[in-house]
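Residue strings, one per chain:
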Amino acid sequence: MRTCLLAALAAISLTACAGTFKQQEAPASPTTGSGGAGRVPDAGRSLSPAGAALIEESQRQRRAGQTAQASATLERALRIEPEHPAVWQELGQLRLEEGNFAQAEQMGRKALSLSPAGSLAQSYAQQLIADAQRAQQR
Amino acid sequence: MLLSRSQIRRHPVLAFLALFSLLVAGWLLYLNFSITQKFDGRRWDLPAQVFARPLELYAGLDLTAARLEQELLRLGYAPVAGQPRRPGSFRRTARELSLVSRPFRFWDQRQPALALQVEFTGPAIRRLRNDKGDVPIARLDPLMVGSIFPTHGEDRLIVTPDQTPPLLTAALQAVEDRRFNEHHGIDPRALLRAMLVNLRSGELSQGGSTLTQQLVKNYFLDNRRTLWRKIREAAMAVILELHYDKADLLNAYINEIYMGQDGIRAIHGFGLASQFYFSRPLDELATHQLALLVALVKGPGYYSPTRHPARARERRNLVLQILADDGILTPAAAASAQQQALDTWNSRQAGSSYYPAFLQLVRQQLSTEYRDEDLTGAGLRVFTALDPLVQASAEAQLAAGLKALDGRKPDAEQKLAGAAVISSTQSGEVLAIVGDRRAGFDGFNRALAARRPIGSLVKPAVYLAALETGRYTLASVIDDSPISVPLATGGTWDPQNYDKESHGRVTLLRALVESFNLATVRLGLEIGLDPVADTLTRLGGPAQINRFPSLLLGAIEMTPLQVTQVYGTLANGGFLTPLRTVRSVVDATGEPLQRYPVAIAQVAEPAAIYPLNQALTEVIRRGTARTARDQLPPQLVAAGKTGTSDEYRDSWFAGFTGEHVMVVWVGYDDNQPTGLTGASGALGIWTNIMGELSSASFNPLLPGRLENQWIDYETGLLSRPACADVVALALPTDTRLQSKPGCGPGLRQLGRRARRWLEEKAN
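Order-wise, the sequence lines are chains A and B.
Taking the working numbering, I'd label the letters of the first sequence as residues 1 to 138.
Taking the working numbering, I'd label the letters of the second sequence as residues 1 to 763.
Simulated from the structure, these hints should not be mistaken for lab results.
Some clues are possibly wrong.
Residues from chain B shown here face chain A by an in silico Cβ test under 8 angstroms; the list is partial [unchecked claim]: (1) I137; (2) S427; (3) F575; (4) P597; (5) I600; (6) L701.
Using N, Cα and C, we set each Cβ at its ideal position, and we do this for glycine too.
Start from the sequences, fold in the hints, and give me the full structure.
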């Protein structure tokens, strides 16, 4: 199940990145944040093999109950893929598991801020935020 | 008891002898107590070792072969001609670099020695593999960058007997104490010989000390050559030999002996000496390197390889000769080792080997959780985020930049001071700290301790507070005409623009990009000082901020480190990530004690941060920092803000890319005016450092509910790319703007807007 999630996240290209922070000549037609991922030309940013390998390793460690190691491995991934929502999403799931609901929510917010509108990553992040908020109210 | 009063009267000599032996026995007992306590106690007095970040290798990493080679040399890896086989060796060919990494126990796992091939394509790693196939990622062992040693300055790195090369123990005995295995702490023959030499020369130059005596001498660090000290030393040596076996004593000697001085830090033991002089572990040293360390024992200052290379070399070759004469080395091996250069690590090649400015922050952050004696004595291992390559760039560029700026004012009475802090954008890890123009200076650390007015660096907080009210966009227009602010204390405050001109009605965008003071003061007074101060605190600034109108122009003191925190929050899209230096701490056995995981908190609205950051990229593209544009790599998108305090006392630049946040400060220590603006002082240094980092562009995702529009820079009216002076600005989708005459939206834009409108209705 988690590997599925990872694969799904890795498959999502962060398309809406083609914003105005490129050099001035880049945005011939400014993009919109509310547009769906599929409609904007693919900017081609997927998870690197190194990042993917580390996320898989962290998932193995998590299943083995080694949450501290899993967390350390995810932080290695974070240094390589700091702007990929998958890493923050995984960190948030881990915090949720550890009972650190406030940080789980924040990680979810971070993942959300990096997820293109209408993407699968966005709905995962929203789910994580909702789960973390519910856990905090309990 | 022993002798009665009458007996004493009858045998005064005997009585005196009895009293004397009683005193001697007491004295010996005292010596026994103090030396064994010292010996046992010392085994535990281990300064915490501090490590830099391990370099992670993977396909796609922006790293040239030259940079990797630099890192490997820095780690003391030996370049070899054939296929590298030994851990800690490598070979670089035209497009490939093969290496065998050292086994290392990281905080999270143990990594064995790895044989790796790294293929490059221009500026990046193309492929990473071993003999079985592709390797997704591998870590190099991290550089040891220092230790947290006690105030007496003794630093050491313990080696165990099995980490000690047999050649070292053999050489020490051959050179310093031939009869080590036979004597009982003192060697009467050697003493006699030394006394004869001393009598002949008329001074106490020859020691004749055994290794055990030298060890005792080191324990008490008493260099007076008195007879009494000699006797005490000899007695303690004999006592030590009674308590401990030869192997223990030799190991203690190897870890204890004084081997050199580095500022206030005293290098003790062969383990640290090996790192200090050769930047590699003791068991990887070549014969000529071991021989140099043995040569140093006699006088680390007198035979210093850096200050007296000829002398050092002569003594090293003498050591090698003794080893050949004793049959420990073959004559051929000794001769070839004698041909080698001194070969000590040249710290100028890639920055210093010791980073006191960074260590100060590490110590500061650890001191909240660890007692001083744990840090200086418990053998902890501290893994930090320090990036030696970044640190080296920052040290070199700050020094060069300040020197060039000094050169422009040749009649100045003092030299400029400076500081730089570099952190990673998303994780909040501090990568480098420079607190002085002299690299490796262990003293006043301006990056952490110099609190200076931040000038216009405060402005993003003013504009962010305005955007967060929802009443303004960056396309809103504000008055840049003169203003006189009545003060609570009486009198007025009459701020001025840098060029002493008023620019009329300007967009918020332009006022920030060109750093107009009058418009900023008017804006700040409209929204109120409280929201501005609160915003600055929220972003990571000081908790207590005085709410005077002059706050709006940066009359608030902050350290470069604090500014890094604030700009890090901007770079991070409004997520505050507390700056961290330490990743993990493990105890002497390698068990993790504490982790310092990344923690974040969303403190600002993405919809307000995004356009603010757009404006900060315009600062470099066309604003006060535009001189940086041509100096930076052409594709690199960066954002930032210049800061200049009153009367040019402080020159700041704070900025970021997608990967790095960096703050540079330049000024005089005594607060005299420098004549420098943020742009003419700190900016050049910032740009030069950033240019060397191969940093990734700042390129955040456009948040929902915002839409990029082409805006006329001067008026804030809707425009299109074909018209002059337009900028793309993210505005709330419900913003209704008038079009600039003749520059209304084109058909394509209209079509897109209509389509979006339809979609919104449909949802």
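Each hint tested on the structure:
For I137 of chain B, the suggested interface contact is upheld, since its CB lies about 4 angstroms from the closest CB of chain A, less than 8 angstroms. A hinted interface residue such as S427 of chain B counts as satisfied when its beta carbon comes closer than 8 angstroms to some beta carbon of chain A; here the least separation is about 6 angstroms, so the hint holds. Hint status for F575 of chain B relative to chain A: holds, with the closest Cβ pair at about 6 angstroms, below 8 angstroms. This hint holds: P597 of chain B has a C-beta 6 angstroms from the nearest C-beta of chain A, less than the 8 angstroms allowed.
Against a cut-off of 8 angstroms between C-beta atoms, the interface hint on I600 of chain B holds, since the closest Cβ of chain A lies about 5 angstroms away. At about 6 angstroms, the closest approach between the beta carbon of L701 of chain B and any beta carbon in chain A falls short of 8 angstroms, and the interface hint on this residue holds.
In summary, this structure violates none of the numbered hints.
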